[in-house]
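So you can see what is in the structure, the chains are spelled out below.
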Amino acid sequence: MVSLSAAAFWLLALTILGAALLVVMSKNIVHSVLWLIVVFLGIAGVFLMLGAKFLAAIQILVYAGAVCIMVVFGVMLTQREDMSKSNIFNKRMLTAAPVVGLLLVVSGTLAFKSVDKAPVNGGSVPTNTVEAIGELLLSKYVVPFEVAAILLLVALIGAVFLSMEVKPDADND
Amino acid sequence: MSFPLLTACLLAPLLAALIIIFLPKDESKLHKIVAVIGTFVSLAISLYVFFAYDKSIGGIQFVERINWIKDLGVTYYMGVDGLSLPMLLLTNLIGFTAVFASWNIPNRTKEFFILLLVLIAGVMGTFITQDLFIFLLFYEVVVIPIYIMVIIWGSSKRVTKEYAGMKLTIYLLIGSAFLLAAVIATFVKATQITGTPDMSFQALAQVNFPEQFQIWMFLLMLIGFGSLLSMFPFHSWSPDGYAGAPTAVSMIHAGVLKKIGGYGLIRFAVYVMPAGAAYWSPLIAVLGVAGCAYAAMGALAQKDLKYIVGYSSVSHMGYVLLGVAALSVVGVNGAVANMFAHGVMAALFFSMIGFIYERTHTRNVSDLGGLARQMPKLAVGFMMAAMASLGLPGLVSFIPEFTIFVGSFERFGLLAVVAIAGIIITALYVLRAGANTLFGTPREKYNHLKDLKGVEMVPLVVLGAVLVIGGLMPSLLFDMVDSGVAPIMSHINEYLPTAVQIGGKY
Amino acid sequence: MLTTISPMHFVVLSAALFAIGLFGAITKKNAITVLICIELMLSAVNINLVAFNMFVTPEAFIGQIFAIFVITVAAAEIGVGLAIMLTIYRNKLSVDLDDFDWMKW
Amino acid sequence: MVEFAMNHTWLVPLLPALSFLIIIFFTRPWPRLSSTVSIAFMLSSFAVATLAAYGVFTDAQFKHEPLVYAIRWFGMEGLNIDVGVLLGPSSAMMIFMVTLVASLIQIYSTGYMKGDPGYSVFFSYLSLFAASMLGLIISSNLLQLFVFWELVGLCSYLLIGFYTHKNSAREAAKKAFITTRIGDFGMLLGMLAIQIIFGTLNLYELGQIMPNFEDYTTAGMMTLIAVLLFIGPIGKSGQFPLHVWLPDAMEGPTPVSALIHAATMVVAGVYLVGRTMFLFVEVESAMYLIAVVGAFTAFFAATIAVTQREIKRILAYSTVSQLGYMMLALGVGSLTASFFHLWTHAFFKALMFLGAGSVLHALHHKADVWDMGGLIKKMPITGWTFVIGGLAIAGIPPFAGFWSKDEILLATFNEGHYLLFTLGAVTAFLTAFYIWRMIFLTFFGEEKPDNHPHESPLSMTIPLIVLAVMATVGGLIGTPMNPHWQEWIFFGESHHIVPNIPIMLVSIALAAAGIGLAYVLYIKDRNKANVKDLAIRFKPVYTLLYNKYYMDEMYLWFNHKVVDGSARMTHLFDIYVVDGIVNGLGAVTKGTGGILRYTQNGKIQSYALVFFLAVLVITILLAFNDTTSMALVLGGVSK
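Chains as they are written, first to last, in the numbering used here: chain A, 1 to 173; chain B, 1 to 506; chain C, 1 to 105; chain D, 1 to 639.
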């Protein structure tokens, strides 16, 4: 008897991994970006499954929304040639594949070996996550929160500064 | 806690460097003035400390101690004793005059003086700290400005300045690698034995290290400090480096930086590892004597003035090593005093050579001659340095050399005779260089050259005065050194084989 | 195994996603794809964090809050990364990472 | 007054030192003022010295116990050095003599150096020189003495090289310094040994200790110390084989030659041996060595002097020869005779040098005696005073040189050194010959038409006259009839001299024979045909003598080939072996780097690949090795 949650998990897992593989494998970068959205959505589903409703929402907003749009813009601004060959592999395939594969095998093995040792304490996540997270962020984690805010600001300024059009005759000092 | 004089002394050049950073880069006059003020404050403070130090009490005075890294037992521990005070004074004398010696550098004055001031502060730091960690810290601080200054403001003669700078830096860094290994091992061992981490020299000296450990550690330190001291056969950076470096760097390097090697050898290696010192002292003596004789012969074959002085400083450091190797109060006193004397003399020498080079654009002895007619004041300075170099009594270097000879002759006998014979060769090459540069038929093409004037006289006056005062009143220096060395050497006798009295009944 | 979900499942999912992302990051020529793959890797980490949040410390929200920060940083990273890519593209007219070997010196 | 002078004898060197400072720092632009300052200080120093000497020679207690006072100079555990004054009959005599001669020479220099651009500097050097020399004399400590010893060397370096624009002056100065430096090396070793063995360098204390030296060390060690210490005087006093610098030192201005060769620097070595006589008398062989070196030097230098042509060079070799006499006297144990000769020699040799200077001054520095002749008519004062000097050095009674030389020969004879006595006697003959050869060629005979000599100014002739008087009467205080000198200046017990009439007669006869031979060869024989004939017949001997036995060439060869050669070898060794190893290590490092750099292709994805490969390896190593490290990897997951 396959429980509902197990079915959901397998479905989501297959979606995520399949889409991720397509992201990597497709030769056209626009397709990659589209498959990326699927991956992110799948991950949001996983979050929901794990009781992180707020995170799922953020995942959709930030990743599937903002990040992907930004990447699309990036693609638009940098690709001027044939899109069908915009996303090809380099010659490191042959060395990278075994390394990554082995890495996956090792971590999988470790995960299987440690399956009984996981310190599962059996509690469940409170349902109103937004309120709890909000309170924690503004009390206990206020300093990292503010730092993250500053980081975003700096990243914003930096991104603007870097991508600003530079006049060819300007003195670069 | 009273006013932190030593910290002030250390910070004055740094502060000056900081001010120069914010000055416009075209105001070279202003850079120089700020540098002069910074170094002068340090000089004044170190003079005050030198004379305010109470020799009758001895020990570490003017102490400032603040905990820094507790787990490593590192403290910001500043203090001076009779061993570090002459070195502190020397540093500031040379630092002060080096600013004047580089008065005429043509380009990038701003960067030059910033680096120079950092260099001075770094060297000073090694001498006034009583904490091993801070000592190493300052030592590493010093290396970088030197490298930059050599490759930017240096001069290429027999070797390129890039080669010279690289050689200098890599030698110093390799030396410090050996040193670092020794320091870490010593610290770990000391913590194992006592249980409480403490990086101060005094605390480490209290620890009873096993004899075998001391022997190995001392060897590492000897290589480390030795390469800094240009101990034979780790000396070849010294002539090349000095020849490539700008005047001020040569002055500071030969004058004080090298002395960190000798200072460290006494302050750290001999003090903390007396058994190791006793075990290796014959080797030190042999290397010292080899350095004396070998470098003197090397100097004899040189044609470039800076190479001559470079080799000569290797030779003089051989005397220092010989004094240390004697491991007696007399010998080590002589070694410390000789470091002071050589510092003053080498700085004067290099500053005069710098002035000659600025004017004639050559340092080749055979291209010079008869300069005494055209530049009498410069000739006086050059001659004073030369005479001090060959150990003329009445100038500061004679008594230290004599003291070293007494100390080493007592312990090594014949070996010391070889070193003493070095004084003849020294006279030969120094006089050759001096006489052939200054005397003889004056050359037409140098007739238009101007003698030293204005601020250029400062190195001559200051260093010359120290040469003479130190020569006429050696007790000024020796009483100070003695108060610092005597406690360090107080236990060494336990480790020495029974002293052989030369000329005893045999 | 198939019917009950344990933390191990999520760990393996996360590992697989991470491996795919890593593989892409190493083997793709296009710099933007590399950025995308790095996002994949970060997401894999997030899955792990949230999963352990549920199974180990459900009340304390440590994992979730950590994930929020990861998302923040990831957003900042991709913003700056794309900006850098744009600048490079403007100068070199290429986003092929194999063309960029300035790190040699 | 006298009391004050004796207790402040350090003023004697201090006053000229002050004048040096004053001239250097203040009065250098005004030559006349400088010389006045210098002479004034020198004369006041002379006054103090005279008073001190008067005090010593009127109080019989100083015959055996000198006046010593000192302060600590510097010290530490195991090495304490004092500076102070040791005032006894010898030092009192010396300071009197040196201040007198130095004053006269300074007065002379006002005339001789007139118009020289370095006038002020010259006087400052003279002052410094006098200061150093006087300091040397009154030193109470060997190290203090050594300090002044070296300062004297420095001053002589500066003075010999005074004409800085002349290459020959530069070379001569260098040679003087380095040659004496070789001597100093030995002396330094000797001093070190004394310090280490006896624990003190105070002369007076050493004098007390030395008779019991067996408590401290062995006879072999004492011999070594004595020989080492004697090397210093060999260099300083121009004894064979380190005499080569002395004739070359003539490059300096003539007053300097007078000051250095007559009164002061060169006798410093003799003075040192005299001062440390207590040490040498303990070692028979060292004494014998001194005597042999002295006698040989005397003879050797005299033979060279016979053939030399330059007036100052002849005088220089004669100085070497006379110094040999003094050493010989010391070697046979007669401090009295040695210092007596030192005293008389100072006057007549200074006189002759200054006279030679006067001649050179008049002839515009034409130095070859063969180009002179008949000068006595134009320069009567110079000429006749020079003749007095010649009589004195030749040993004609009653001039000063006779009494002292006789004393030396007598002491040698009495000690039973007959060979050395013969050498000394032959030297006396040679001395009379070559000095009078010079006098005849210079002052008598035909005048040379292209010379236009004129008598020198008063400032130069007055010192000549004073010195001539001293050269005449200076010996009378130590004649056998009137042995004041012998009562005061002696080592151990004062000698009761027994005049030995045959020896005296032999000595006079030899001197007369020398003068006579010179007269026959150079005055009687107007064309000098015999001389030329002799020179041709004994050509090898003549060439050998004229070239000073090729000693200079030997030293040059040694210096250039051996010393410079090995220096060049060292240099090459340094560049190719020591530096070669260093650069080789560098090259190996660079080569390795060159190979390894291909791993650094600059592509970030390769780096990432390597990074994760490393992660993988570390993980495998840690995770599958043992359980504890596995726990480390799994972190909190494993309990």
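These aren't lab readings, by the way, just hints derived from the structure by calculation.
Any given hint could turn out to be false.
Straight-line alpha carbon distances no greater than 27 Å define the calculated BS3-like cross-link-like pairs of lysine-lysine that follow [what the hints assert, rightly or not]:
# : chain 1 : residue 1 : chain 2 : residue 2
1 : A       : K85       : D       : K603
2 : D       : K603      : A       : K91
3 : D       : K539      : D       : K528
4 : A       : K113      : C       : K92
5 : D       : K377      : D       : K524
6 : D       : K166      : B       : K445
7 : B       : K303      : D       : K603
Each hint tested on the structure:
With a C-alpha separation of about 21 Å, the suggested pair K85 (chain A) and K603 (chain D) falls inside the 27 Å cut-off, and the hint holds. As the CA atoms of K603 (chain D) and K91 (chain A) are separated by approximately 12 Å, the hinted pair is consistent with the 27 Å bound. Taking the CA atoms of K539 (chain D) and K528 (chain D), the gap is about 16 Å. The hint holds against a cut of 27 Å. Distance check on the hinted pair: K113 (chain A) and K92 (chain C) sit about 49 Å apart at the alpha-carbon level, beyond 27 Å; violated.
Annotation: proposed proximity of K377 (chain D) to K524 (chain D) holds, straight-line Cα distance about 19 Å (limit 27 Å). A C-alpha spacing of about 18 Å is found between K166 (chain D) and K445 (chain B), which places the hinted pair at or below 27 Å, so the restraint holds. About 50 Å separates the Cα atoms of K303 (chain B) and K603 (chain D), which puts this hinted pair outside 27 Å; it is violated.
Violated hints, listed in ascending order, are 4 and 7; each of the other numbered hints is respected by the structure.
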